[in-house]
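First to last, the sequence lines map onto chains A and B. The opening position of the first sequence corresponds to residue 1 in my numbering, with each subsequent residue numbered one higher. The opening position of the second sequence corresponds to residue 1001 in my numbering, with each subsequent residue numbered one higher.
Simulated from the structure, these hints should not be mistaken for laboratory data. Beta carbons are placed, not taken as given, at the ideal position from N, Cα and C, and that holds for glycine. Treat the hints with care, since some could be wrong.
[Said to hold, decoys possible] If the Cβ cut is set under 7 angstroms, some of the chain A residues that face chain B in the computed set are:
hint	residue
1	R105
2	G128
3	R130
4	D251
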Amino acid sequence: MTIPATSPARPGTIRGDEAALGRGPWQLRLPAAIAAAFLVLPLLALLVRVPWSTLPHLLTEPIVGEALRLSLICASAAAGLSMLFGIPLAWVLAHASGPLVNLLRALVTVPLVLPPVVGGVALLAAFGRRGVLGRPLDDLFGITLPFTPIAVVLAETFVALPFLVLTVEGAFRTLDSGYAEAAATLGASRWFTFRTVVLPLLAPAVLAGSVLAWARALGEFGATITFAGNSPGRTQTMPLAVYLAMERDPDAAIALSLILLLVCVLVLLLLRGRWLTGAAR
Amino acid sequence: MTRYPRLVAGSGLVALLALAGCSGGSSTTSSSSSAGSSTSSSTSASTSQGGAQGELTVLAAASLRDVFVTIGKDFEAAHPGTKITFSFGPSSGLATQIVNGSPADVFASASAATMKTAADAGAVDASRLFARNSMTIVVPKDNPAKVDDLSDLADSTVKVAICAAEVPCGVAAHKVFDTAKLSVKPISEEADVSAVLTKVSLGEVDAGIVYVTDASSAKDKVQAVEIPAADNATTDYPIAVVKDSAHHDLAQQFTDFVLAPEAAKVLADAGFAGAGG
């Protein structure tokens, strides 16, 4: 659910690739079918279990709307922050070299493999009320981050940022530097070149990376419940609501999951459509 | 180009073999850890071969962790050849697991209501009460918000964490507030009692409501502030043999053991009250 099937590969670079895939060897088609079935079957099973008769009642509870709204806002904010800070970081990783940069690249990917709960504990250690940065923030400005919607955004950004950085870094590396050099010879400043030449060329990768980051943020659970706690209307996102509903009323959990699933599919389809038509020009 | 697909198919086979290897193995851990991951240890144990004495998988409320580990060791000592695997978590989540057919032999819950969920689904035999717990306030060691009685929690500047209303310790916390006619706005409603205790011991919140037994087991990290008996809420602990248990007799022996005087002493030492009182 968190990883969209849209690959960042550039469509149209290989002629007739779709036809060739259709006639592909069974050694490819069989595992492909297994992979597709493995991903789709559980989602279909969820649909089978949806309590259709009580669904309207379950979905109109205010807590559902609140959780959904909070999820969408926080995930979008996390994706936005990821773009704002992730693109520059990707640029640095793609253009600098040396052992320090390699170390930095390894560190940036750590949140990808770290269990999110550990990420939440680490965030508490850093930004908690008694954390390394959190304590001076509290002492000097009276700002405490845990248990606030900002903590939700931070937790989601922590796990989502690497997806964007890795995607965009790859695109920076394969970018034809000729265009930027041409712009430079024509007297454009570096920043102007970056904004008007490099960034538009990167648009598909940035979009792919931010969709990945957004999807990962939307599904975030472990870091959120650890760092931001669970407070309905303030830090309770959809995954937290689903988990707690599962404790008491599995039907409600399935209904909530259904909404989350529909929203994900809808957004990914919309983005995919726009992205493909944009890239095909 | 033609060799590449064969390589892919080969690696698929390896993966299948690895999967088969996984399901055949049996767990050797004797007690599982965090609440959220409780399914991992419970799936493997009771499915492996019966043996003369056998293995038991016991799903128990998170608040029973310390005492059940002790009682489990005593039981294993008294019944050589037996092995007990515990899975601790929120009672309601464990009940859901059992109803959904998670392999288990014994279920010990922190509330009669969650046991009823399992019983109504026909998943467990008749249950018996073996202990009773009550609630207490816990604060960080340095008590930053100077909480010294229940009414302090209604102060909006005091950051309070309780369990979510979906789990028994949350129900009990709300009952305490209702009885005392206090309006408390918790800053976080945690998924289980261990999470509340963690947030308090880390000092991220000023106070939390947990079971008396949790406060005594964590007394190095938190300080307890008593809730007056008139306002306090209690919860009963029922235990039952799971109907689909593969080791029904041994599971019955374990529940008898938990109700016996020796185990009652372990429970009392940890701060639990007897089922009758």
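A quick look at each hint next to the structure:
A cut of 7 angstroms between beta carbons decides the hint on A:R105: the least distance to chain B is about 27 angstroms, and the hint is violated. About 5 angstroms separates the beta-carbon of A:G128 from the nearest beta-carbon of chain B, less than 7 angstroms, and the hint is met. At its closest, the beta carbon of A:R130 sits 5 angstroms from a beta carbon of chain B; the interface hint therefore holds under the 7 angstroms criterion. Hint status for A:D251: violated, given a least beta-carbon distance of 11 angstroms to chain B, over 7 angstroms.
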